[in-house]
Structures are given as C-alpha cells and as structure tokens.
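Residue-level listing of the chains:
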Amino acid sequence: MKTIKVLGTGCSKCNVTYQNALEAVKRSGIEAEVSKIEDIMELMELNVLTTPVLMIDGVQYIKGRVADVKEIMDLIAK
Amino acid sequence: MFTWTQHLADWMIYGFFGIEKGSKLGDALNFFVFDTIKIFILLFLVTMVMGTINSYFPIDKVRHFLTKRKWYGLDYFVASVFGTITPFCSCSSVPLFVGFVKGGIPLGVTLAFLISSPLVDAVSVAMFIGMFGWKVTIVYVVSGIIISMIAGFILSKMKLENLLTDWVKNILASKQSGIQDQMEVRQSFQKRLPIIFKEAMSIVKGVSLYIVIGIAIGGAMHGFIPTNFFEQYISADNPFAVPIAVLAGVPMYSNAAGVLPVMEVLVQKGIPIGTAIAFSMAVVGLSVPEALLLKKVMTTKMLFLFFGVVTACIIVSGYLFNLIL
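These protein sequences, in sequence, are chains A and B. Residue 78, in the numbering used here, is where the first sequence stops; the numbers in between run on with no holes. Residue 325, in the numbering used here, is where the second sequence stops; the numbers in between run on with no holes.
Because the hints were derived from the structure by calculation, they are not lab data. Any given hint could be a false lead.
Stated by the list, open to error - In silico DSBU-like links for lysine-lysine, alpha-carbon gap of 35 Å or less: (1) B:K205 <-> A:K36; (2) A:K70 <-> B:K61; (3) B:K301 <-> B:K159.
Claimed, not checked - Partner residues are not named here, just some residues of chain B that face chain A (Cβ under 7 Å, in silico): (4) I59; (5) F88; (6) C89; (7) C91; (8) S92; (9) P95; (10) L96; (11) V98; (12) P251.
Just so you know, even glycine gets a beta-carbon here, dropped at the ideal spot from N, CA and C.
I would like the entire structure built from these sequences, with the hints used as guidance.
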C-alpha cells in the first residue's frame, strides 16, 4: 500500500496533479491512497517551497510543476 | 533572424489574401501575422533556455546556496538574479516566502527575490526581445535586477520583522533549524530535456491567448492610429507622465504577454519608451491578487510599505529609462 500526497495550497495546478494521481492509481491498479495536504503549517513543516509537490511514501519526487499521469504511474511502479 | 517572417507575412496578407499594401487593414493584419509568429518563436526559445538553467538550479538549491555562507550584501544580487530565472506560480509565493525566511535568509533578501521573480521572467524577456530589440531588453533585465536589489535593501532597513503576521512570527520563533535538503536526483540532460520541453510548452500555451489578443489589439492600433498620435498628450518632458503610468499599472493584473504588444504600438505612436517600460513593470511586478496572497504573511502596514517602495523604485527607473534610451 503506497501513500501518495499532493502538497499545495489549493491552486489549479495542485488540483490537476491530484486528479492525475487518482487517474494514475486507477490505471496502474496498484493499491495506493491518494490525498491532498493544503494546510500551510503542514506544508511548511514539509519544507515545501514551490507547489504543487508530489510525494510518494514520504519522498518528494516532483516539485513546482504538474506531474502527468504517465510520470506518476512510473513513480508508483518502482 | 526574422526577415523570413516578414516575407511570409507580406506574402500571406498582400499576396494570398490580396489585401492592398499600405491600406490600414493590410498594415494591421500584416503586423498581426508577423508579430505573432516572431513572438511565439522567441517565447519558445527563451522558455527552453530558462527552463534548462532552472532544471539545474531548482529553488531548493537557490535557498541552500543563499543560506550556506555569509554574503555581506552580495546576497541581494544573488537573490535578484536567481529570481529572474526561477519561475513560480503565484500560489507558491506564500510557502516560498516563509520557506526562505525560515531557512535563515534575511527578510530583505527574500523580498528582493520575490520582487524580481515576476518582474523579469521568460515571458517578459521573450516579449521584450521581440517588441523592442536586444538593447532595450538588456536595459530591462539589468534594471529589473537593480530595482529588486535596491527595494529589498531599503525594506530590510525598515525592520519589518515585527510587521509579519503572527503565525509567521511563531514559525520563525520556533526555529526548528533542521531544514534538510531532500536528496537531489541526478539526471542526465537527455532525461531532463523532455521535462524542460513539456514545461516550456505549458508556459507558451498558458500565455498564448493573451499574446494573440494583445497582438490583435496592437495590430488594430498599429493600422488605425496615426503615428505620433500620443505625443501631443504624453511627451517625455511631462514630469507627471511616469508616476501616473506606474500608479495606473500597479493594480492592473496581466502578464507581460498581454501588455507588451500594446506597449510596442504605443511607443511607435509617440509614447516615450521609458514611460512604457515603467508602466509594464508596474503591471507585471505588482498586482492586487498578489497583494491578497501576501496578506497571509504580511500585515497591511507591511504590505503598503512593500508595494510603496517597489512602486517608488519603478517610478525612479522610469525617469532614468527616458534619459538613457
């Protein structure tokens, strides 16, 4: 079971990333939980500088840009 | 470099569509076709170059770079230069601001970064090259960096730390100094290129509508407004032209893509170029939506001081531009 988190203050890019993550999980069939973190205090604790950030199992893989479905699928397949 | 584009535009409008050369409609359409092609090519090239630099110097690295040693004032310069090559979506400005200050970067240096980032970016550089040429572009970029440095420095002297909002102060007071840099993923250029390309395309796509509308308005004005039309109203010796243009530009929110094509035509029709650049800087660099976002980290008083200092610096530079250009 993987945990995928999309970190961001709720801008449109963050939402697109979130949707892409959901789609990637659906397509790859891997069991994973996708959630968003929008609270600014939590974001600061995670040292986020640019949003959105794609975090999988605690590792921030993609920062400051929208990750597309294919990219996310590759990352969760690892 | 762009002679062929002009030939293409001439052929398309005067040849293919058979619109009379020298007619108002012909001039307007020709301008539109020529400028659109030219701007999109430049925009693509500049976003690719900036994207490449940015891929090797992501924002985490910039922060690390600025915190790891003492800079003795040079950090204002470094932050402003990095601001120009680092794009960030305006919704990142709050995490970025807090992240920088929390990491130990002085408030003034953080503000310098925050000012230069929207002021000089890939889109505005590409537009300036296309509309006003290299010389004006270099003046724009250099002065954008200098304005950010000076404004950041002035603000640092105002001791604004007490004017931050409470939750930011709490974060700073708690000083969990343990900022670990996430390990950096080493990638070959071949692996980076598709990502850089994708990002560049998304920036181009994001502003394309503004560009087309901006150039369409510019084209119409180019064809239908007589040359030197504005000179009778706004001349270089009118001492109030610059501040009025800048104050009008601050609350406006647009990107360089929408403003500059119109500016190009205004300059052709007699508005002094310094006034036009200062206006563009005010539109691109400061805006109401940005103020609303920054309201989360700054008290109203600090926000006013911040906007006030930057506005003053842009006004001063507007006068200087009119003198030297």
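Q) Hint by hint, which ones does the structure fall short of? A) As far as the earlier hints go, only 12 is violated by this structure.
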